[in-house]
Structures are given as C-alpha cells and as structure tokens.
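So the sequence lines, in the order shown, correspond to chains A and B. What the first sequence shows, in the numbering used here, is residues 37 to 359, in sequence order. What the second sequence shows, in the numbering used here, is residues 184 to 821, in sequence order.
One thing to keep in mind: the hints can contain errors.
[Claimed, not checked] Each pair of labels, with its calculated beta carbon distance range: (1) 738/B with 220/A: 45 to 53 Å; (2) 300/A with 648/B: 42 to 50 Å; (3) 807/B with 329/A: 49 to 57 Å; (4) 677/B with 38/A: 39 to 47 Å; (5) 648/B with 315/A: 26 to 34 Å; (6) 343/A with 789/B: 22 to 30 Å; (7) 607/B with 47/A: 29 to 37 Å.
Read the hints as simulated data drawn from the structure, not as lab findings. Ideal Cβ placement from N, Cα and C applies to all residues, glycine included.
Residue strings, one per chain:
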Amino acid sequence: MTIVIGALQYLGYVLIFPGFLFCFLAGMLLCGIDRKLVAKMQKRVGPPVLQPFYDFFKLCGKETIVPAAAERITFMLAPLVGLAALVVIQLFIPVFGFTAFSGMADIIVILYLLLIPALAIILGGAASGSPYAGVGLSREMVTIISCELPLVLVLLAVAKTVGDEMGTGLCFSLSSIAQYQMLNGSLITKISMVPAAVALLLIIPGETGNHPFDAAEAETEICEGMLAEYSGAPLGVFKLSHAVKMLTLTSLFVALFLGGLGTGILPLDVLLMFLLCAVITAVAISFVHAVTARLRIEQIFKYYWTVVSALALISLVLAWYGL
Amino acid sequence: MNFLGNVLSYQHFPIYAIMVLFLGSFLIAVFGENRIARNILALLSITASLGFILKLVGPVLMDGEIIAYWMGAREPAGGYAIGIALEVDALSLFFALLVSIAVFVSGVYSIQYMNRDDNEKEYYTLYLLLCGGVMGMVLSGDLFNMFIMVEILTFAAVALTAFRNTVRGAVEAAFKYLVVGCMGSTCILVGTAILYAQTHTLNFAQLSQLVPGDVNTATKVAFALLFVGFGTKAFIVPFHPLAADAHGAAPASISVIISGVLTKSGIYGIIRITYFLFQSMGLGTMQFLLVFIGSLSMFICVTMALAQHDFKRLLAFHSISQIGYVLTAVGLCTALGVSAGLYHAINHTLFKGLLFLAAGAVLHETGTTDLNKLGGLAKKMPYTTVLFLVGAFSISGVPPFNGFASKWMVYQATYQKAVESGNIGFLLVTIIALVTSVLTLASFVKVSHSVFFGQLPEGLEHVKEVSFGMRFAMAIFAVLCVVTGLFPNLVTSYLTEPAARAVFNVAHYIEAMGFDGSAVTEPVAVSFSHVGTWDPVSWLLVLCIALLSVTIVAVGSKYDNVSRSKAAATESKYELFYGGEAQELSQLGGDDLFWGFKHNWRGYFNYMHRLHSGIVNDYALWAVVDLALVMLFSLIVL
Numbered sequence: 037m038t039i040v041i042g043a044l045q046y047l048g049y050v051l052i053f054p055g056f057l058f059c060f061l062a063g064m065l066l067c068g069i070d071r072k073l074v075a076k077m078q079k080r081v082g083p084p085v086l087q088p089f090y091d092f093f094k095l096c097g098k099e100t101i102v103p104a105a106a107e108r109i110t111f112m113l114a115p116l117v118g119l120a121a122l123v124v125i126q127l128f129i130p131v132f133g134f135t136a137f138s139g140m141a142d143i144i145v146i147l148y149l150l151l152i153p154a155l156a157i158i159l160g161g162a163a164s165g166s167p168y169a170g171v172g173l174s175r176e177m178v179t180i181i182s183c184e185l186p187l188v189l190v191l192l193a194v195a196k197t198v199g200d201e202m203g204t205g206l207c208f209s210l211s212s213i214a215q216y217q218m219l220n221g222s223l224i225t226k227i228s229m230v231p232a233a234v235a236l237l238l239i240i241p242g243e244t245g246n247h248p249f250d251a252a253e254a255e256t257e258i259c260e261g262m263l264a265e266y267s268g269a270p271l272g273v274f275k276l277s278h279a280v281k282m283l284t285l286t287s288l289f290v291a292l293f294l295g296g297l298g299t300g301i302l303p304l305d306v307l308l309m310f311l312l313c314a315v316i317t318a319v320a321i322s323f324v325h326a327v328t329a330r331l332r333i334e335q336i337f338k339y340y341w342t343v344v345s346a347l348a349l350i351s352l353v354l355a356w357y358g359l
Numbered sequence: 184m185n186f187l188g189n190v191l192s193y194q195h196f197p198i199y200a201i202m203v204l205f206l207g208s209f210l211i212a213v214f215g216e217n218r219i220a221r222n223i224l225a226l227l228s229i230t231a232s233l234g235f236i237l238k239l240v241g242p243v244l245m246d247g248e249i250i251a252y253w254m255g256a257r258e259p260a261g262g263y264a265i266g267i268a269l270e271v272d273a274l275s276l277f278f279a280l281l282v283s284i285a286v287f288v289s290g291v292y293s294i295q296y297m298n299r300d301d302n303e304k305e306y307y308t309l310y311l312l313l314c315g316g317v318m319g320m321v322l323s324g325d326l327f328n329m330f331i332m333v334e335i336l337t338f339a340a341v342a343l344t345a346f347r348n349t350v351r352g353a354v355e356a357a358f359k360y361l362v363v364g365c366m367g368s369t370c371i372l373v374g375t376a377i378l379y380a381q382t383h384t385l386n387f388a389q390l391s392q393l394v395p396g397d398v399n400t401a402t403k404v405a406f407a408l409l410f411v412g413f414g415t416k417a418f419i420v421p422f423h424p425l426a427a428d429a430h431g432a433a434p435a436s437i438s439v440i441i442s443g444v445l446t447k448s449g450i451y452g453i454i455r456i457t458y459f460l461f462q463s464m465g466l467g468t469m470q471f472l473l474v475f476i477g478s479l480s481m482f483i484c485v486t487m488a489l490a491q492h493d494f495k496r497l498l499a500f501h502s503i504s505q506i507g508y509v510l511t512a513v514g515l516c517t518a519l520g521v522s523a524g525l526y527h528a529i530n531h532t533l534f535k536g537l538l539f540l541a542a543g544a545v546l547h548e549t550g551t552t553d554l555n556k557l558g559g560l561a562k563k564m565p566y567t568t569v570l571f572l573v574g575a576f577s578i579s580g581v582p583p584f585n586g587f588a589s590k591w592m593v594y595q596a597t598y599q600k601a602v603e604s605g606n607i608g609f610l611l612v613t614i615i616a617l618v619t620s621v622l623t624l625a626s627f628v629k630v631s632h633s634v635f636f637g638q639l640p641e642g643l644e645h646v647k648e649v650s651f652g653m654r655f656a657m658a659i660f661a662v663l664c665v666v667t668g669l670f671p672n673l674v675t676s677y678l679t680e681p682a683a684r685a686v687f688n689v690a691h692y693i694e695a696m697g698f699d700g701s702a703v704t705e706p707v708a709v710s711f712s713h714v715g716t717w718d719p720v721s722w723l724l725v726l727c728i729a730l731l732s733v734t735i736v737a738v739g740s741k742y743d744n745v746s747r748s749k750a751a752a753t754e755s756k757y758e759l760f761y762g763g764e765a766q767e768l769s770q771l772g773g774d775d776l777f778w779g780f781k782h783n784w785r786g787y788f789n790y791m792h793r794l795h796s797g798i799v800n801d802y803a804l805w806a807v808v809d810l811a812l813v814m815l816f817s818l819i820v821l
C-alpha cells in the first residue's frame, strides 16, 4: 500500500508539480510576461500575457509537414525528448526547502542534463535536412560552448563556498546548498558570490537563446535556424521547451543564490519562487532584450569567454581563498 | 587425470590466453588460404582468449589473488629472478579484460568488414600477432618480456597501418609510426638495460623491491626513458600526430585495437613504472608531470579534432584526448582518481571502439570518410546511425551513457584533490576537463550532422545498411556502453576499485612473487568517497515516465497530423535552400562548422596548424625534445 502511495506521489511530482503542469503554466506565463515587458520597454502595446498559451494551442491544431529530405523519426522525436529532459531537470531544482527528487543528481549532473534539450533541438534541426538548420545548429553549438565555461566557473565557485562553510570542503548537492542557505541566509549576501550571481544572470539569456544571444535562431537572417522546417505541434513543443528553459534557468538562479527566503509553507514558497523567477526574467531577459541588438556568433563567444568568465573567475578565486 | 587437472588449473590461464592468440596467428599463416578455415581459426583463438581471461576474473578481481607464474617452473635462485615470469594482479587482469573484449568484438567485425580486401590471410596473421602482443604485455611479470611484446605489437601495428597500401597516405602513416614507434621501443630497451645493470634483475616485483631504495642518476635516466617509451605507445602529447595518421589509414577494426587497446597498454606501462617500479607517485612533482601531460593531451587533441574533416582522423584525435582524461585521473594519486581513470579507460575502449566501427561501416558502404562528401546517411543506414549516436553521446559525456559516469568521477577526483591539497592548479584541470567535454560534444555534433543528417549528396543514393555481422559487433559495444553507464556502482565496485586497490598495494605485489616487500611503505588506506550524487537508473526511469506522458499528450493532440512535404529533393529548385539560393551561399563546410569558436581562437589554431607539419623529422625531433625534458625533470625531482 505504501509503495502504491509512494509511486503515486512521485507520479504526481512528475506530472503535476513541479513537473509538467507546473512547468507548462509557469514557463508560458514567464514567456508572456517577458513579451509584455519588452513591449512596454519599447513603448509598444505588446501581446496579452496569455499570448504564449494561445500560440501553443493554435500550433497544436495545425498540420505538421515533414520535409522530403528529413529523417522522420529523429525529426518528430527530438522535440518530445527535449521537453521531457527539461521537465526532469526541473524536478531536481529545490523550491527553497522542498525538493521533489533529492539525492539523484547534483549540480555538475545538472550542467550536463542541460545539454540534452540543446542536443535535442540540434539533432532535430540536423534531421530536417535544411541548410538553414545547419547554420543554426552550428551557431547553437558555439553558443553552448560559450556559456559552458562561465557556467562551470559559477557552479564550482558555489560548490566551494558552500562546502567550506559546511566543513566538507566541497558540496555539489543542490539540496545541501538549499539547506545551507536556509540556515545562513542567501548566498548573494556574500560579497564573494556577487560577481558569480551577475555572471549567471548574464548566462541565462545565452542558455535560453534569447536576445541578444539568439544568433542561432536569428529569424531575420536564417529563418529561426533549426526550427526552419518545423511546423504544427512539434514547433509548438519546441516553443514550450523554450519557455520551460526560461523557468529552469531562472529557478536555478533562485536555488543557487536566493535560497533561504522560503517560508516553509509550500504554496507560498512556490508563489514566491515564481515571483522571483519573474523578476529575474525581467532583469536578465526582458531588459537585456529591449536595450540591445543581436550579436554575431563570434562576438557572443568572445563576450562569454572574456567578460562573463572573468566575473565568474573572480568569484571562484575569492571563494578559493575563503573570502 | 591428475595431469589434466593440473593443466586446466586457472594458474595456467594467463599464459594460455597469450598462447592461443599467437598460436592462431601461426596456424593462419600456414593454413589460412581457405577462407572458412581462416575465419574459424581466428574466431576460435579470440574466443578462447576471452574465455581464459573471463575465467580469471573470479579469483583475481573478486578474491584479490595474485597469480605468480614462472615459465617452465624456473623459480628464483639465489634471491634473483632468472626465469621468465607472468604476474597477474587485479590491475593486469583489468587491462587484459579490456584487451580481450575489444579483440573479440573487432575480430567478429573483421570477418565481414575485410571481405572486400585481398590478403586476408596476412591480415589475420598480423591481427592476432598484434592482439597477442598487447595481451602478453599487460600480463607480463618482467620488464624485458614487456619490451619483447611491445616490439611485437609495434611492428604488427605498423604493418597493419599500411595494410591498405593502395589508400593514399597509408604507407606514409606507417612510416611515421615506424620511425617514432621504434624510437619509443628503443627508449624502453635502453631503460630496461640500465635498470638491469643497476639491479641485476628484470623481474617487476624484484625491481619494485630494489629500485626505490637505490635511486641514482642511472635509474633516473632509466625512468625518463621508460616513461617516454610508454608515452609513444599511448600516443600522449607530443606523439599524438602519429595516432591521427595511423588511424586514418588503418582498417577500422585495427583502429579499434590501436586506439582502444594499444594506447591502454601505454597507460598500463606508465602506471607500472610510476606506481610500482619507482613508487614515485607520492611526489607532488611526479603527479604534476602526469596531470600536466594528461591535461595537455586532453585539450590540444580536442582542439585538433575540431579542425579535422576526416571521420577517422577526427576520432583518432578524440582518442588521445580521452586518454588524457585517463592519464590525468591516474596522475592524481588518490583512490578516487585512479578508480575514475580506470573507469574512463574501460569506457574509452567501448565507445571509441563503437565509433571506429561505425566509421568503418560508413567507409565500407560509401568508400569515403571525408565529412565534406558525406551526409544524410541516417535514412540509408538507420541502425548504424543509432549505434553511432550511442557512441557519440557516450564520448561527449551525455547522461546516462558511460562517458558521463566516468568523466563525472574525474571531475570530482580533480576537484577533491584541489581542495585537499590546496593547490589551485588542480582546479584549472577540472575546468579544462569540463570544457574539453563540451568541445567533444561540439565535434560529434559536427560528425552526426555532416555524416548522418543533412542532405544526401549525389552518388550516395544507393548506399545500403551494413551486414548483420558488422551491426552485431557494433551492438555489443553499444550495449556495453549503456550498461556501464547505467550501473556505475557495479563497474566501480567489481572492476575499477579492485584494480585501484592493487595499484596502491605494492607490497602485496612484491611478496606474491616471493620477494621481500617489507621495505615498501604500508598500503595507504584506500577510500573511494564521492562528493556528488548521480543515480542514472532512477533518472532514466523518471525521464521515461516524462517522455511517455509527453508523447501521450502530444499524440492525443494531433501531433501525428503529418504530411510529407511535396517538394521533391531532386528538383533543382530545392537543391539546397528551399528558397532556391545558389549553393555557394551555404557555409556548411564540415571543417568550418564551428567558425564562431575557431575565429576567436584563430591565433591558436593557425599556430597548431603550422606546428603539425606532417613531416616525420619534426615528430622525431619532438620525441627527442620530450625525452630531454622528461630526463631533465626526473634528474631534478626524482
């Protein structure tokens, strides 16, 4: 009996909260808020906040066309794998004190799990056989390489800081990082972690492929790159994945740097986390989107491997010497 | 009956495992004209060898027994080992297991793969000679035997590199390999001679007893010679260009052996001399040497791979890059580090074998491995594509495949070492390892896009899937890749941890041969504590539930409302861009796919391009310079 209840509980985690339903609703809402905010910053009216939902349902009702040159199975499967992988990552990210699945993956694993959705979109694009997708996937891969170095530095800095304070020397576990922050306050209050937090804020738009780091999708020049041949429901799923990725990365930021603000009451915590995610979206995605123009791919690479990596490196060195 | 029982005792199995391979080789040389007889002989000898090694797993890896085998029962006389000895501890057997698995799969693959070549008899003779050489090397208990086996395997590998001598560059590649490989072998011979002059013995156990207590200028020079000699066998920097040429030219089944097994034998030699003969791994400087060369191999070779546009050359550079991980982890001299390194060694054999076999399948069907001439094969060769993707995901460290499990242990080991020793240099190694991993992924995205996805070029419309025998061989590797990735705890507790314990228990190794190991410091407490957590099976379960539910929802909401595009690919209008732009506008060249990355590193890439001149004189010079530097290093620090 207890096994059945346990299984049902985990199924609930996967399907409802913090799995699918939550990812779908929160991700789409974040996406809507982002679009509205950018419009406001650019003195446009902008779409309603619920526009991403309308777009998604409309796309799902449309016919899907598979190009003649495409490898069909990969083409159709890629969006689904990408979305599922993203939802699973969301299960590992703590909501302040609450983690759906703890003890299964640590931050280095999450770094690698984040590659799977990106790989899904890359392979899907490659399987479509379109040259636009070829250009797009080349740029997407370079963007991933660009973000990887600073992201690694940020994660190592956090692991070292928390490990030092906990006396273990190193700490890769996300739930331990959450616990540490419950006891000692948010990591962002430590001076040494501020550069890393700024670096992660700058990494978020790069990882999600938002402006100005969206060379891989550049609608005006390569017709959304890897998505060029996608239509109908698979395209909708990719759009949804993009929204969920925004949620995943912003909530990762909350878990790493803004933990410890929780009240201990789950519904309140969830609301708080969503609000924080929205604020981070506004700062890291919408604002940057509104005030910048798209960068070329080699500029993106240079920016991440110099400016952002330097910020993260400062944190790592400070954390190393226990400051 | 007693005689039979004696002959079948597992004490003899190490020599049987070596003998059947050599025996098979000689028999094929004599009776190999007939195709069926040849195949049966080859399969028999590799299966028998695998069987003998598997039989030894129980006593040696599980129970920790060390098999000391004196050939012809010539026990040491007067305190000195005179006879030839085999000594099989967990470390030797671990490598022997890798060898026999790779040899078995590659042998099964060869039967179909080589059926369009002439001189199959010579191929199998040399192939079994190569395999026997590697097997003999890892099971050998004395240094001179090891040298003999190194010579056998080097010459067999050189001959097999030039086997397809009609292929452009094959003879040249073999020549380069011959020159530098012989320099390496000579180094090993001279090192052996110096040690023999100093200690009057060649037996590993006795050398391990005598050498560390008596380190003088001569033994320091011997160390440098042996280190560089085994370095050429592992193709670590600066010997990596040879690997690229050799793999590019050799048949794929031989590339599996060269990359999956021969490089491991070099690593095995390095472990034996650093941990056992000289017992110098406690020195921080010696750890620095291994970790430095390892990290350098890791990074230089992955960037070299990014610049390649030949499938097999690219794989060759990745091979050395992964060997860099192994060497780095082994060089940390921590229990977790050695265990991680050995784990990565298994995984490297499996996924690199798989990738080379997939490259061989593409070559077999299309006749080329040039990335710029291939494309869209996923529709023609679906099984090969899936198997290739398993290998590509494994080597790039995508969870839950095996490359991730071992790389993740390497990261932990390096970072733990950095924290414990307070040395910020090891932190840099962690970062290099993590970045190398993502560059590896980039490189394999390039391969999968330009070989298996994208547009099918003209002239490849009639490509067919490879035969069942070849797919079967690839599938063995693919299944092992998934299994070793999903159950990391089983692999570490049954395979790598016993081997890592053997590495740290030198006294036991010496005493098993009947020598006095009391001078060696007591075995250090070996603990394999992990920092991180990773539970692949549960993760996969959750992913499957998630994927299933997404699929159900998607299919329910008309996801499969699909129609084929009416645009026929053959119409000139749709050739490349559906908008009909000219072909020149496409910037899809296989070697130029990651322009954004390379542009920023153009200084480095141009420098590397100039440096790798392809002239054998340069590479020989590198070997000499490397030897001089290592010699200087060992004279100062050892």
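How the hints compare with the structure:
{"no.": "1", "hint": "738/B with 220/A: 45 to 53 Å", "result": "48 Å, holds"}
{"no.": "2", "hint": "300/A with 648/B: 42 to 50 Å", "result": "59 Å, violated"}
{"no.": "3", "hint": "807/B with 329/A: 49 to 57 Å", "result": "54 Å, holds"}
{"no.": "4", "hint": "677/B with 38/A: 39 to 47 Å", "result": "32 Å, violated"}
{"no.": "5", "hint": "648/B with 315/A: 26 to 34 Å", "result": "54 Å, violated"}
{"no.": "6", "hint": "343/A with 789/B: 22 to 30 Å", "result": "25 Å, holds"}
{"no.": "7", "hint": "607/B with 47/A: 29 to 37 Å", "result": "46 Å, violated"}
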